[in-house]
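So the sequences go chain by chain: V and Z. Per my numbering, residue 1 is the first one in the first sequence, and the count goes up by one each step. Per my numbering, residue 114 is the first one in the second sequence, and the count goes up by one each step.
Hint data in this document are derived by calculation from the structure and do not stem from the laboratory. Honestly, I wouldn't trust all of these hints.
[What the hints assert, rightly or not] Computed footprint of chain Z on chain V; a stretch qualifies when at least three of its residues, placed anywhere within it, have a C-beta under 8 Å from a C-beta of chain Z:
| hint | region |
| --- | --- |
| 1 | 36–46 |
| 2 | 101–110 |
[As the list claims (entries may be wrong)] Computed list of lysine-lysine pairs in DSBU-like fashion (alpha-carbon distance at most 30 Å, straight line):
| hint | chain 1 | residue 1 | chain 2 | residue 2 |
| --- | --- | --- | --- | --- |
| 3 | Z | Lys162 | V | Lys9 |
| 4 | V | Lys71 | Z | Lys135 |
| 5 | Z | Lys171 | Z | Lys182 |
| 6 | Z | Lys182 | V | Lys71 |
| 7 | Z | Lys190 | Z | Lys171 |
Keep in mind it's a predicted model, so treat the numbers as computed, not measured. Even glycine gets a Cβ: it sits at the ideal position worked out from N, Cα and C.
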Amino acid sequence: DGGITQSPKYLFRKEGQNVTLSCEQNLNHDAMYWYRQDPGQGLRLIYYSQIVNDFQKGDIAEGYSVSREKKESFPLTVTSAQKNPTAFYLCASSMDKGNQPQHFGDGTRLSIL
Amino acid sequence: AQSVAQPEDQVNVAEGNPLTVKCTYSVSGNPYLFWYVQYPNRGLQFLLKYITGDNLVKGSYGFEAEFNKSQTSFHLKKPSALVSDSALYFCAVNRETDSWGKLQFGAGTQVVVTP
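Sequences are here, hints too, so could you generate the full structure?
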């Protein structure tokens, strides 16, 4: 079955530590996205990528970094500069067309130790 | 800039009664509109979309939505709600002139269906 896989499902970060969240898709989608979800705030866009080796900052990119070396993969690193990283992180992908829906993974919940 | 408003944080409905979740949008040009549902600790699931054509769009799990251009609204409806419909619902918009799929999401509406 085609879909998006996020791992791990739960992740704990120590002070001063960088952590990387994995996102892999086998839908052959060009575009991929990372969102942060906090209670009562809906989805906020962190980074997005329309094509391999290219990505753009979203609304809340500070303290995060991404790479897009392969079409299938779009990992997100939460750096130590992100002072409030506790949240639910969602990865999505879509065809590179405005009338197509985004498909979501099941998320990674990041907490501070 | 495009935006989406979901005016109700929570909607409460008894099982078997009609369910409506409201969404209004603001875009320049023609909109592409989407509804998603999210269950606890899960990703968003696509329910339905409006691109063009009939104003009444049918989607998954018995949901439908009505596009109203004059009121810039895209309300989600279900004739008879189930307890299993209790979840968080998101409306999203893109513009016809945008060539790719970057969406603007609303803040979400929590639906609670009581037995």
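Each hint, compared with the structure:
With 5 residues carrying a beta carbon less than 8 Å from a beta carbon of chain Z, the region 36–46 of chain V meets the three-residue requirement, and the given coverage holds. With 8 residues having a beta carbon nearer than 8 Å to a beta carbon of chain Z, the region 101–110 of chain V meets the requirement of three or more and the stated coverage holds. Restraint check for Lys162 of chain Z and Lys9 of chain V: the C-alpha separation of about 29 Å stays at or below 30 Å, so the hint holds. Among the hinted pairs, Lys71 of chain V with Lys135 of chain Z is inconsistent with the structure: their alpha-carbon atoms are about 36 Å apart, more than 30 Å.
Among the hinted pairs, Lys171 of chain Z with Lys182 of chain Z is consistent with the structure: their alpha-carbon atoms are about 17 Å apart, no more than 30 Å. Between Lys182 of chain Z and Lys71 of chain V the CA atoms are separated by roughly 37 Å; this puts the pair beyond 30 Å, and the hint is violated. Under the criterion of a C-alpha separation no larger than 30 Å, the hint pairing Lys190 of chain Z with Lys171 of chain Z is consistent with the structure, at around 10 Å.
Going down the numbered hints, you'll see the structure goes against 4 and 6, while the others check out.
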